[in-house]
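Starting from the structure of chain A, add chain B where the hints point.
The lines below spell out each chain.
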Amino acid sequence: MGAIRLEKVKKTFGTLDVIPGVDLDINDGEFVVFVGPSGCGKSTLLRLIAGLEDVTDGKILINGTDVANEAPAKRGLSMVFQSYALYPHMTVYNNIAFGLKMAGESKEVIEEKVQSAAKILNLTDYLERRPSALSGGQRQRVAIGRAIVRNPAAFLFDEPLSNLDAALRVNMRLEITGLHQELKTTMIYVTHDQVEAMTMADKIVVLQAGRVEQVGKPMDLYNSPANKFVAGFIGSPKMNFLGGELAQKHSCHEIGIRPEHVAVSTESGEIPATVKIAEHLGAETYLHVEADGYGPMTVRATGEVPLGEHDKIFLTPEQDRIHRFDAHGLALGNS
Amino acid sequence: MEKKQTPLGYVSFSVFAWIVGLLIFFPIFWMVLTSFKSELEAVSIPPSFISFDWTLENYAEVQERSNYFKFAMNSVILAVGSTLVGLVFAVTCAWAMAFNPTKRTKDALLWMLSTKMMPPVGVLVPIYLMFRDWGLLDTRFGLIMVLFLMNLPIMVWMLYTYFKEIPTDILEAARMDGATLPKEIIFVLLPMAVPGIASTMLLNVILAWNEAFWTLNLTTSDAAPLTAFIASYSSPEGLFWAKLSAASTLAVAPILVIGWFSQKQLVRGLTFGAVK
Chain A
70 MGAIRLEKVK
80 KTFGTLDVIP
90 GVDLDINDGE
100 FVVFVGPSGC
110 GKSTLLRLIA
120 GLEDVTDGKI
130 LINGTDVANE
140 APAKRGLSMV
150 FQSYALYPHM
160 TVYNNIAFGL
170 KMAGESKEVI
180 EEKVQSAAKI
190 LNLTDYLERR
200 PSALSGGQRQ
210 RVAIGRAIVR
220 NPAAFLFDEP
230 LSNLDAALRV
240 NMRLEITGLH
250 QELKTTMIYV
260 THDQVEAMTM
270 ADKIVVLQAG
280 RVEQVGKPMD
290 LYNSPANKFV
300 AGFIGSPKMN
310 FLGGELAQKH
320 SCHEIGIRPE
330 HVAVSTESGE
340 IPATVKIAEH
350 LGAETYLHVE
360 ADGYGPMTVR
370 ATGEVPLGEH
380 DKIFLTPEQD
390 RIHRFDAHGL
400 ALGNS
Chain B
2 MEKKQTPLGY
12 VSFSVFAWIV
22 GLLIFFPIFW
32 MVLTSFKSEL
42 EAVSIPPSFI
52 SFDWTLENYA
62 EVQERSNYFK
72 FAMNSVILAV
82 GSTLVGLVFA
92 VTCAWAMAFN
102 PTKRTKDALL
112 WMLSTKMMPP
122 VGVLVPIYLM
132 FRDWGLLDTR
142 FGLIMVLFLM
152 NLPIMVWMLY
162 TYFKEIPTDI
172 LEAARMDGAT
182 LPKEIIFVLL
192 PMAVPGIAST
202 MLLNVILAWN
212 EAFWTLNLTT
222 SDAAPLTAFI
232 ASYSSPEGLF
242 WAKLSAASTL
252 AVAPILVIGW
262 FSQKQLVRGL
272 TFGAVK
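Read top to bottom, the protein sequences are chains A and B.
Residue numbering for the first sequence follows the numbering used here, beginning at 70 and increasing consecutively.
Residue numbering for the second sequence follows the numbering used here, beginning at 2 and increasing consecutively.
It should be emphasised that the hints constitute simulated quantities derived from the structure, not laboratory data.
Among the clues, some could well be false.
[Said to hold, decoys possible] Using 30 Å as the maximum straight-line C-alpha spacing, the simulated BS3-like pairs for lysine-lysine come out as follows:
1) B:184 with A:170
2) A:170 with B:165
3) A:143 with B:165
4) A:253 with A:286
5) A:143 with A:128
6) A:79 with B:104
7) A:128 with B:184
8) B:117 with B:265
9) B:104 with A:188
10) B:107 with B:265
11) A:253 with A:272
12) A:143 with A:77
13) A:286 with A:128
14) A:253 with A:182
15) A:176 with B:265
16) A:79 with A:345
17) A:188 with A:128
18) B:184 with A:143
19) B:165 with B:107
20) A:286 with A:307
21) A:286 with A:345
22) A:143 with A:345
23) A:176 with A:128
24) A:176 with A:79
25) A:272 with A:318
26) A:176 with A:188
27) A:128 with B:104
28) A:77 with A:272
29) A:182 with B:184
30) B:265 with B:165
Isolated chain A (complex conformation) (with noise of 0.2 Å):
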């Protein structure tokens, strides 16, 4: 059981103020996502609930309870660290075990739960090692383990595969999401990665500047953005963003169109355009065009498409795929 609530949660160094004030639900057995760019507060809010950091005002409400002032400890969550941050100076077992030992488990149950979690992990083999002779990835299952064998109300990831490779890093995300139906614990995720954010979460909460700019399931926010930051930055390539003509005929400031969502055409179209880069992929094409009169936007097209630099070509956004925004950057909703 898991349920957290945040009312009111405030967080100022000095005269900074990194979170103003942030209200958020998450209910039990969700996958949540933090996601935002650099800087924007996720990993400080997430600190915040794990109570490594100690709120400026507001409550954190965990089944009801409210543990603001709590020691980490005392507040029945873990947290997987960025960096692993496991105990270098002991064996895999005893950075497994150790939050068991600090609880006061008696040796039997110890054994019994640290055997479970490296089963579950894939880690059996491994027990004895150190942290220093694992791979890196092995490493990340380690302080999963930590994690798993408390039985905590939620789990608390903070940028757990961005010190991974690509390909692990695709493996882990797989890994932690089946963990996530296997367990049906809470989960709380923190990443600056969209596409993370995207496959994984049941919801996503998008920050900025230690605010949330959006909470939704991952299609709504792609679907129907809040406002231009989170168009833009849910989704890749990167939303286009047209104001003129065009934004004029749909009655609004500026228009959006997903690369995914413009037709490409040599012969006519919407908007004529000059390829400046063709990015050749295979499966998809990305061509990266100078619009005449909106200036650079990106195309995705599927497939092989035979157009390289300075090719003249026609633009088409998808009429009902078109996002309009007013003059703050609000969405009006679909034309």
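Structure of chain B alone, referenced to chain A:
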């Protein structure tokens, strides 16, 4: 860019290093040599290097005249005692400074170090009077306190630089795992800082062992360590070089042996943080 060393440069550098090394080592060598001479040969001019009658007479006489082991035991108790007491304070102090720094932490560290710049004789009178009034003169406890306080700034500095290298994440992980502050320090911080703590202890033992000012001024017999033992050989009847040398050799031998075997550890400890 590393400069390529020419053979000539290498040779001259080596010769220079040997000369410096021998110069530094010579007094100790001479002391040991003299301790095996008779009193007459010890002061003979020109001095003899190898061709003299080797004798152990001085050592026998020194042991007969004063109880070496009593002094040595006091030295051990004072050096180890002040180091252990110092460690308790220095670890907690360095922990606070390394992991919970404030704007003033650097200033506090510098201030602590600056206390080492004051000549000890400047505070001799007040400390002597305090010791007299509190009945601490010539007690091991009193001296342990003085030696521990004298070396505390250096211990804090060394441990601070070590602790700075330990990632905060690991301590936070321990906190998340339910470790209380004492357990966090004992089970996580200290084991990771073992090399640093070892070299800090070692240096402190050496400093306390060699300390002569306070040990000579605040003791007479009961708590007197080896420094007092040596000093007792510069008697009013004149200097007995051979016996003085024998006493000195006995006094420095233990620490010299420890230092010899742990020099790697010691050098690493002193330069830690300076080179990464």
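Hint-by-hint comparison with the structure:
1. B:184 with A:170: Given pair residue 184 of chain B, residue 170 of chain A holds - Cα atoms ~11 Å apart, limit 30 Å.
2. A:170 with B:165: 27 Å, holds
3. A:143 with B:165: It holds: about 27 Å lies between the C-alpha atoms, which stays within 30 Å.
4. A:253 with A:286: Satisfied, since the Cα-Cα distance of roughly 18 Å is no more than 30 Å.
5. A:143 with A:128: Within the cut-off at roughly 15 Å; holds.
6. A:79 with B:104: 23 Å, holds
7. A:128 with B:184: Holds. Residue 128 of chain A to residue 184 of chain B sits at ~29 Å (cutoff 30 Å).
8. B:117 with B:265: Since the Cα atoms of residue 117 of chain B and residue 265 of chain B sit roughly 26 Å apart, the hinted pair holds (cutoff 30 Å).
9. B:104 with A:188: 47 Å, violated
10. B:107 with B:265: 29 Å, holds
11. A:253 with A:272: Holds - the C-alpha atoms of residue 272 of chain A and residue 253 of chain A are around 15 Å apart, at most 30 Å.
12. A:143 with A:77: 21 Å, holds
13. A:286 with A:128: 25 Å, holds
14. A:253 with A:182: OK: residue 253 of chain A and residue 182 of chain A at ~18 Å, within 30 Å.
15. A:176 with B:265: With a Cα-Cα distance of about 40 Å, the restraint between residue 176 of chain A and residue 265 of chain B is violated, given a limit of 30 Å.
16. A:79 with A:345: 46 Å, violated
17. A:188 with A:128: 38 Å, violated
18. B:184 with A:143: Distance ~15 Å between residue 184 of chain B and residue 143 of chain A Cα, so the pair holds.
19. B:165 with B:107: 13 Å, holds
20. A:286 with A:307: Given pair residue 286 of chain A, residue 307 of chain A holds - Cα atoms ~19 Å apart, limit 30 Å.
21. A:286 with A:345: 35 Å, violated
22. A:143 with A:345: 57 Å, violated
23. A:176 with A:128: Distance ~37 Å between residue 176 of chain A and residue 128 of chain A Cα, so the pair is violated.
24. A:176 with A:79: Answer violated: residue 176 of chain A to residue 79 of chain A is near 41 Å, above 30 Å.
25. A:272 with A:318: Outside the cut-off at roughly 34 Å; violated.
26. A:176 with A:188: It holds: about 18 Å lies between the C-alpha atoms, which stays within 30 Å.
27. A:128 with B:104: 29 Å, holds
28. A:77 with A:272: Holds, at about 20 Å.
29. A:182 with B:184: 22 Å, holds
30. B:265 with B:165: 21 Å, holds
Checked against the numbered hints given earlier, this structure breaks hints 9, 15, 16, 17, 21, 22, 23, 24, 25; the rest are met.
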